[in-house]
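Trainee: Sequence:
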Amino acid sequence: MTHPLVTQEMIDTFQQDGVVLIRGLYADHVETLREGVAANMAEPGPYASENKKQGETGLFFDDYCNWSRIDQFREVIENSPVAEVAADLMQSQTVQMFHDHVLVKEPGTSMATPWHQDGPYYFVEGQQTISFWSPLDAVRKATLRCVAGSHRWEKEVLPTRWVSEEGFFPDEGQYIPIPDPDAEGMRVVEFEMEPGDAVAFNYRTLHGARGNQSDSRRRAFSLRLVGDDARYIERPGRTSPPFPGHDMIPGQRLREDWFPVLLRR
Numbered sequence: 001m002t003h004p005l006v007t008q009e010m011i012d013t014f015q016q017d018g019v020v021l022i023r024g025l026y027a028d029h030v031e032t033l034r035e036g037v038a039a040n041m042a043e044p045g046p047y048a049s050e051n052k053k054q055g056e057t058g059l060f061f062d063d064y065c066n067w068s069r070i071d072q073f074r075e076v077i078e079n080s081p082v083a084e085v086a087a088d089l090m091q092s093q094t095v096q097m098f099h100d101h102v103l104v105k106e107p108g109t110s111m112a113t114p115w116h117q118d119g120p121y122y123f124v125e126g127q128q129t130i131s132f133w134s135p136l137d138a139v140r141k142a143t144l145r146c147v148a149g150s151h152r153w154e155k156e157v158l159p160t161r162w163v164s165e166e167g168f169f170p171d172e173g174q175y176i177p178i179p180d181p182d183a184e185g186m187r188v189v190e191f192e193m194e195p196g197d198a199v200a201f202n203y204r205t206l207h208g209a210r211g212n213q214s215d216s217r218r219r220a221f222s223l224r225l226v227g228d229d230a231r232y233i234e235r236p237g238r239t240s241p242p243f244p245g246h247d248m249i250p251g252q253r254l255r256e257d258w259f260p261v262l263l264r265r
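So for the sequence shown, the working numbering puts the first residue at 1; every next one is plus one.
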């Protein structure tokens, strides 16, 4: 039995395209998430960044791994239907926490979120992975953009640092260069969204977002979860997030005391 927000067509789309829209996922939790974002920006964590390239305007704030210290984030993770929806879309019997991510583009922010896949930055491998990107303000042009089917590419895209554009890891042929989906005619999926809607996508789905040239803020809350087949994998360098001292070994499920199981069916 699937959650009422999810249809079989949506499950099929997520599996085939690696991305699907969930209307109203956090409809009852928008104000709580806005309060959490405000608390996060008032007291940033150790990974917070104000992304700004030379010549760029505005402010693009992002921070991650704060759910355990920000009560509002924990409340929404525990009380919203996100874990049930994740289980349906991933076709997984378990849903396990990975991390949260806040991304705020203030009015007049010119910097785009570069095209990237989340997976290559992480120490997780598996088909049953899912990110939920949810705006806390209505979005039109500053919405998330995803390349349909990119989660099934044979090789992952080279992970880079967003501001310096340097490669995150040494590339010994295991990665492909970052493509230009618009110039290369790829099928880019994007949605006009209301607060509390969410785009669900696989960790290997290529995605990005334009800058925010509107006169209103674009606050977004993103949640990353994993399913049955997710396992720890070693990368050729420090991952993002790094989670220092985790002591996991390749092939192991993520340790549940750090990455709690949100749902077992």
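Certain hints may be false.
Computed beta-carbon distance windows for the label pairs [what the hints assert, rightly or not]: (1) Asp257 - Glu50: 48 to 56 angstroms; (2) Met186 - Gly237: 40 to 48 angstroms; (3) Arg140 - Met186: 31 to 39 angstroms.
Using 16 angstroms as the maximum straight-line C-alpha spacing, the simulated EDC-like pairs for lysine to aspartate or glutamate come out as follows [as the list claims (entries may be wrong)]: (4) Lys141 - Glu194; (5) Lys155 - Asp182; (6) Lys141 - Glu190.
Hints are computed from structural coordinates only; laboratory data are not their basis. The beta-carbon is built from N, C-alpha and C at its ideal position, and this holds for glycine as well.
Trainee: Check the following: the C-beta atoms of Arg140 and Met186 are separated by a distance inside 31 to 39 angstroms.
Mentor: violated, 21 angstroms
Trainee: Do the beta carbons of Met186 and Gly237 sit within 40 to 48 angstroms of each other?
Mentor: Since Met186 and Gly237 have Cβ atoms about 28 angstroms apart, the given range 40 to 48 angstroms is violated.
Trainee: Taking the CB of Asp257 and the CB of Glu50, does the distance hold inside 48 to 56 angstroms?
Mentor: violated, 32 angstroms
Trainee: Decide if the proposed pair is consistent with the structure: Lys141 and Glu190, CA atoms, cutoff 16 angstroms inclusive.
Mentor: holds, 9 angstroms
Trainee: Going straight from one Cα to the other, do Lys155 and Asp182 come out at no more than 16 angstroms?
Mentor: violated, 20 angstroms
Trainee: When you check the alpha-carbon spacing of Lys141 and Glu194, does it fall within 16 angstroms?
Mentor: Since the Cα atoms of Lys141 and Glu194 sit roughly 12 angstroms apart, the hinted pair holds (cutoff 16 angstroms).
Consistency note: the structure conflicts with the earlier hints numbered 1, 2, 3 and 5.
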